[in-house]
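Chemist: Here the protein sequences line up with chains E and P, keeping their order.
Be aware that the first sequence starts at 1, since it is given in UniProt numbering, and climbs by one per residue.
Be aware that the second sequence starts at 1, since it is given in UniProt numbering, and climbs by one per residue.
Honestly, I wouldn't trust all of these hints.
Looking from chain P toward chain E, a few residues come up when the C-beta cut is under 8 Å (computed) [what the hints assert, rightly or not]:
1) T56
2) R389
3) V400
4) S412
Think of the hints as simulated: they come from the structure by calculation, not from any bench.
No experiment lies behind these values; they were computed from the predicted model shown.
Beta carbons: idealized from backbone N, C-alpha and C, even for Gly.
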Amino acid sequence: MSTSAPAPAPARHPRSARSQLHRIAPLLLLALGVGALLMARDMGLGEFTAPGPGLWPAIVAALLTGTAVVLLFLDPAEDYEPWTAGTARIVAGLAGLALFVVLFQTIGFVVPAFLLLLAWLRFLGGESWRMALVLAVAGAVVLHLVFVVALGVPFPAGPVDQLLGA
Amino acid sequence: MTVGIFDGIAQGFAVALDPINLLYVFAGVLIGTVIGVLPGLGPTATIALLLPLTYTIEPATAVILLAGIYYGSMYGGTITSVLLRLPGEAASVVTTFDGYQMAKQGRAGPALGIAAVGSFVGGILSVLGLMLLAPPLADLAVSFGPPEYVALTALGILLVTYLGSGSPLKSLSMAALGLLLATMGQDPITGTTRFTFGSVALFDGLDFVAVAMGLFGVGEILHSLERTEKVQAVTKKIKHIWPTRKDFKDSSGAIARGSVLGFVIGVLPGGGGVISSLASYALEKRRAKDPSRFGKGAIEGVAGPETANNASSTSAFIPLLTLGIPANVVLALIFGALLVQGITPGPQLITEEPEIFWGVIASMVVGNVMLLALNIPLVGVFVQLLRVRAGILAAFALLVTMAGVFSVSNDSFDMWVVLVFGVIGWLMKKTGFEPGPLVLAFVLGEIMERAFRQSMLLSGGSLGIFVTRPLSGGLLAVMAAVVILSLVMARRRRAAFRQVDPEDEFGREDGTGPVEGEPGLSAEPATGRNARHTSDSTDSDAASTPGER
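Starting from the given sequences, assemble the full structure and let the hints guide the process.
Modeler: Structure, rendered in structure tokens:
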């Protein structure tokens with residue numbers, strides 16, 4: 001019942017995966033709310049006549065905490081979508097996106113953009129190598145032209161930018 | 001006053017007919033139609049993705065562009081609803097009921113035609129209402145003090161949480177989270193840094209554009225990518241798009257009622273889109289001599305809701321332009337775009353920035369004319385857009401998002417914010433938490449806090465100030481009414497949404513049946529919820545045609 005393994009049949013809404021796991025979300029919110037309440041108290045609540053910096057955050061955090069507590073008991077489990085094989089692909093895609101940001105900061109836009117598009121189109125989009133290559137090259141160049149040349153956005157300089165004379 | 005309105009309208013058209021603005025209206029409605037057609041990229045995601053672009057253009061032009069995308073998507077969403085039973089955006093779900101049936105009977109052309117005509121009529125009538133209603137409302141709102149703003153923002157957030165499509169409690173929780181996130185950075189009055197964790201990048205708080213792009217742009221793209229639906233290409237040629245005289249006669253009443261209904265619902269915070277089209281469908285069905293025709297290709301069932309959703313997407317600008325309160329999430333994004341430009345929408349907008357106020361209104365007339373002209377002859381072209389594969393679209397949209405958010409303040413920190421909020425947005429979608437209330441609350445958070453603290457200073461620390469002033473007290477009374485009504489409404493709304501897609505409901509039961517047996521008897525935490533679930537299922541079983549209410 002409480003395992004996170006995907007249901008054997010590709011059912012659209014396997015109920016088994018979510019009997020207890022779904023409580024994680026309200027628990028996270030609860031932790032966030034309580035944490036914020038404590039931090040707001042340290043900032044200084046002040047009085048209603050002279051509100052301190054922490055007063056408003058404390059009010060809001062109390063609301064968050066309150067709703068999270070109720071959700072812990074009343075949250076309809078049917079709202080939760082199951083984790084599917086597609087989920088793993090999304091996580092891979094996100095890792096790729098993070099890698100893109102890291103590379104972007106060091107070697108500029110064009111090369112990481114090309115790599116991101118190529119990997120995404122080939123592996124996540126399921127395009128053929130040829131299609132992915134063509135689109136990735138075209139996409140990286142066109143976006144470079146739009147952002148750097150037309151809009152004048154100062155992307156970090158990289159090896160290709162020197163070649164393009166930007 | 002009337003003279004002022006006519007002057008305003010004249011000034012508005014001067015702004016809207018400026019060649020650059022004409023170009024942006026055209027771009028807006030075209031982009032709107034395109035993304036309305038493309039499943040997986042809705043108006044919220046698109047507007048979020050295009051926010052960085054608005055920095056580089058004039059404020060009036062920016063709002064003209066974003067507004068065009070919004071109502072343009074209402075037209076575009078119809079096309080896929082009718083032809084493929086795939087609503088391109090939420091508001092056109094209702095159109096699938098009768099629109100798709102019409103298409104199956106070979107009447108796709110008239111369905112699309114009457115939807116375009118209805119949307120046009122609804123849009124234009126709504127603009128007229130906006131012109132007449134907005135200035136007096138703004139006059140009234142000028143007298144609002146801080147307590148009224150606290151009440152108004154609270155009411156706006158509350159209504160969005162209650163009228164949205166998710167569970168009200170979860171939405172309220174997200175609104176609280178949005179308000180909390182808005183407090184990051186410097187205290188607006190004392191300048192103390194809050195929740196910055198010693199990071200200099202957080203001193204100015206989280207950037208609204210990055211948060212919105214992450215939650216809506218990246219989050220929605222990821223979420224739609226997970227559901228790998230195959231979209232079949234439409235090869236059949238669509239004929240007879242211009243409706244016949246009989247079609248017009250059959251649907252004229254529905255269009256007239258849809259315009260009024262859509263306008264009224266759009267003005268209410270939390271209205272717009274889905275609610276107005278659902279309400280119009282219900283009204284038409286109740287009025288019909290033979291309600292059994294509905295769900296089997298009744299043209300009124302297309303004309304009414306399509307008119308209503310476009311009328312409501314126009315009138316939803318009234319609270320934003322006069323009170324500074326966004327009525328729904330799309331308008332929260334437009335609100336944010338204006339804030340970024342250094343303009344706080346509110347009662348003063350009409351006198352201080354008349355070119356924005358009247359220019360946007362006039363551009364809607366121009367945009368609706370363009371949409372009618374685009375839609376009737378070019379439906380066949382738009383349909384071809386469905387050939388674009390979701391994977392390609394997602395890859396490019398994500399890359400543009402990343403480059404775009406960097407361009408806002410040339411800071412790669414914002415890219416990480418987008419990424420983090422993208423993950424959060426995707427997880428929220430997976431767990432049934434709506435990102436809408438979070439973003440709306442995030443936008444309103446600072447205004448609300450400032451107004452609250454000013455009220456406290458005004459009243460000498462007494463919370464009574466919110467109740468004793470007639471306007472804020474009245475607004476709070478409305479809020480109380482909403483909370484009470486919502487207990488009744490929640491039930492009915494759940495039933496309505498359940499009926500929106502009966503197939504999905506059946507699919508769910510089929511999927512779960514073998515695993516756990518009776519869906520209503522599964523081990524869920526709340527027994528009340530179980531009872532509700534079963535009663536809803538029986539409801540939709542009994543009423544086999546969708547949209548009973």
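Chemist: Determine for every hint whether it applies to the structure shown.
Modeler: Outcome of the hint check:
1. For the restraint placing T56/P at the interface with chain E, the shortest Cβ-Cβ distance is roughly 7 Å, inside the 8 Å limit, so the hint holds.
2. Among the interface hints, the one on R389/P holds; its C-beta lies about 7 Å from the nearest C-beta in chain E, closer than the 8 Å criterion.
3. Contact between V400/P and chain E, as hinted, is supported at the beta carbon level, the nearest pair being about 7 Å apart and thus within 8 Å.
4. At a threshold of 8 Å, the smallest CB-CB gap from S412/P to chain E is about 5 Å, leaving the interface hint in force.
Going down the numbered hints, you'll see the structure goes against none, and every one checks out.
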